[in-house]
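Q: Sequence:
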Amino acid sequence: MPSKSAPTLRARRTGRVPRENSLDRTRLVSDPDVTIDAKQSPMKSVVWFLVVIVLALVTYLGLKTYLTDNTDETLEPTLTPTSAEVEQNMVSSNVLADDPIEPFTNSTYWNQNSKQIQSTSTEDAFVIENVMVQPHESYISFIYELSGGSVSDFPQVTAEMLDDIILTFENISLNSSSIEVEETVSINLGSVTSLTRTEYSEQIDMYLIDLIEKKSFALYSKVEDDRKLVILDVLSPANDDVAPTTQSTPTPTSGVSATPLPAGAENYNNEYSQNEQKIVSSVSGKTVKITKYNYFDSSDMFTYNLVLSDGIPNAVASLVDNTLTLEVSNLVLDGVVGNGGSGSTDLSATGVVHVQKVEISNSDGVSKYVFTLDGARDFRLNADEENNLMTLEIKR
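So the sequence shown is residues 1 to 396, counted in the UniProt record's numbering.
Simulated from the structure, these hints should not be mistaken for lab results. Hints may contain errors.
[Stated by the list, open to error] When the alpha-carbon atoms are kept at most 27 Å apart in a straight line, the in silico BS3-like pairs for lysine-lysine are as follows:
1) K292 <-> K222
2) K278 <-> K368
3) K214 <-> K292
4) K214 <-> K357
5) K222 <-> K357
6) K289 <-> K357
7) K278 <-> K357
8) K286 <-> K368
9) K289 <-> K278
10) K368 <-> K292
11) K395 <-> K292
12) K222 <-> K44
13) K289 <-> K368
14) K395 <-> K368
15) K395 <-> K278
16) K289 <-> K222
[As the list claims (entries may be wrong)] Cβ-Cβ distance ranges computed for the label pairs, FRET-style:
17) N188 <-> V320: 52 to 58 Å
18) S284 <-> I212: 50 to 56 Å
19) G343 <-> S309: 18 to 24 Å
20) D99 <-> V353: 30 to 36 Å
21) S309 <-> E359: 22 to 28 Å
22) I212 <-> N94: 19 to 25 Å
23) E276 <-> D226: 19 to 25 Å
24) N188 <-> E327: 44 to 50 Å
25) S186 <-> V283: 46 to 52 Å
26) V320 <-> D226: 22 to 28 Å
27) G341 <-> S173: 23 to 29 Å
28) A125 <-> A349: 16 to 22 Å
We put the CB at the ideal spot given by N, CA and C, even for glycine.
Can you build the whole structure from these sequences, using the hints too?
A: Shown next as structure tokens:
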């Protein structure tokens, strides 16, 4: 094999050096490892970046779904009481002994005539806090607990007898009881089948008491243990024979004097007449309180009630022409107008017939209630020591 000789000095000077041993450039790109690393390394970084983003997104969505599902499982939905639950809470299962506002034979209270509790304040709004149904041996009590105004203030409440009883409360700003509008609570006690709250709009709250047939009822208000109550009592069928549906109290002939009282004797009852009538009690000094009043007008008479505490005061009622004056003594407080106060009520504006207005004043333990009538009429003044009530009735 011929040997290769080194290029001569002349050859190097002239640049004519043989090129048979020059580098083969194709071999520089023929190594696969070198080629891939050089061209694909940036692409792999982009791919891995995208993979990390996708995995993070999938993990976030999965975690969000898991947490949302768990939240839904632990949430407790707001439950609306069913009618059965409302009935259980409203209707007492205990039957109480009778404790009527007046004896069942007192047709002034127990009858089928429409009745009304007059508002003692036109400025105050009231709240119905609770509604309860309490059965007694001879009647069913519908008890409405209210708040608002002073202790002696009540809204106007009307009980109207049609085929059933419609009970209407006025100036009611809120009802916090458990019975909703258009909800019916089954009663099925005595003469009552159900109670329905029929409407609430413009501060008027209405109820329908569904009866098997018409029964006598009484509507009244009272304060008991600082609780302000409006109560409607409906008789059970067993008492139909002792609760007349019309008022039938005999009226003595006008001008006939009552039997003179023995000296020192108490007297809480009078008969109808146009003569002076007195309530005589054993109370002396200024100890009795008038806590509130109410009145209603029926087809037979106008009734004005004074609710008392700490005894029955002495009182006298007298008629002169068309003015009937009731003077009540022994008062430490008159909660109607306040001590030393005065006020008046336009009765004819509230629908009362034959009694136009009453003017009230208090001074030195004595309160005067002056009623203006449309003419001379028979009246009766009574007091009830058991129920702490003084009642003036004026015949139509």
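Q: For every hint, state whether the structure bears it out.
A: Here is what the structure says about each hint:
1. The straight-line distance between the Cα atoms of K292 and K222 is roughly 9 Å, inside the 27 Å bound, and the hint therefore holds.
2. As the CA atoms of K278 and K368 are separated by approximately 14 Å, the hinted pair is consistent with the 27 Å bound.
3. In summary, the hint linking K214 to K292 is not supported, as the alpha carbons are separated by about 31 Å, beyond the 27 Å threshold.
4. For the hint pairing K214 with K357, the CA-to-CA distance comes to about 33 Å; that exceeds 27 Å, so the pair is violated.
5. Restraint check for K222 and K357: the C-alpha separation of about 23 Å stays at or below 27 Å, so the hint holds.
6. In summary, the hint linking K289 to K357 is supported, as the alpha carbons are separated by about 23 Å, within the 27 Å threshold.
7. Only pairs whose Cα atoms come within 27 Å are accepted, and K278 paired with K357 is accepted, the gap being roughly 22 Å.
8. Using a Cα cut-off of 27 Å, the hinted pair K286 and K368 holds, with the two alpha carbons roughly 15 Å apart.
9. Between K289 and K278 the CA atoms are separated by roughly 18 Å; this keeps the pair inside 27 Å, and the hint holds.
10. Only pairs whose Cα atoms come within 27 Å are accepted, and K368 paired with K292 is accepted, the gap being roughly 14 Å.
11. Distance hint between K395 and K292 is fulfilled; the C-alpha atoms sit about 23 Å from each other, no more than 27 Å.
12. Only pairs whose Cα atoms come within 27 Å are accepted, and K222 paired with K44 is rejected, the gap being roughly 89 Å.
13. Restraint check for K289 and K368: the C-alpha separation of about 14 Å stays at or below 27 Å, so the hint holds.
14. At most 27 Å may separate the alpha-carbon atoms for a hinted pair to count; K395 and K368 meet this at roughly 20 Å.
15. Of the supplied pair hints, the one linking K395 and K278 holds, its CA atoms being roughly 18 Å apart against a limit of 27 Å.
16. Restraint check for K289 and K222: satisfied, since their Cα atoms lie roughly 14 Å apart, inside the 27 Å limit.
17. Between N188 and V320 the Cβ separation comes to about 54 Å, which falls inside the hinted range of 52 to 58 Å.
18. The supplied range of 50 to 56 Å is met by S284 and I212, whose beta-carbon atoms lie about 51 Å from each other.
19. In this structure the supplied range 18 to 24 Å holds for G343 paired with S309, their Cβ-Cβ distance being about 20 Å.
20. A hinted range of 30 to 36 Å for the beta carbons of D99 and V353 is consistent with their spacing of about 32 Å.
21. Taking 22 to 28 Å as the suggested C-beta distance range, the pair S309 and E359 conforms, at roughly 24 Å.
22. Range check, I212 to N94: about 22 Å between beta-carbon atoms, so the 19 to 25 Å window is met.
23. Distance hint for E276 and D226: a CB-CB separation of about 38 Å, inconsistent with the stated range 19 to 25 Å.
24. For N188 paired with E327, a C-beta distance near 49 Å keeps the hint of 44 to 50 Å intact.
25. Range check, S186 to V283: Cβ separation about 48 Å, and the 46 to 52 Å hint holds.
26. Taken as a hint, the range 22 to 28 Å is violated for the pair V320 and D226, whose Cβ atoms sit roughly 41 Å apart.
27. Distance hint check for G341 and S173: the Cβ-Cβ separation is about 27 Å, which falls inside the suggested range of 23 to 29 Å.
28. At about 20 Å, the beta-carbon gap between A125 and A349 stays in the expected band of 16 to 22 Å.
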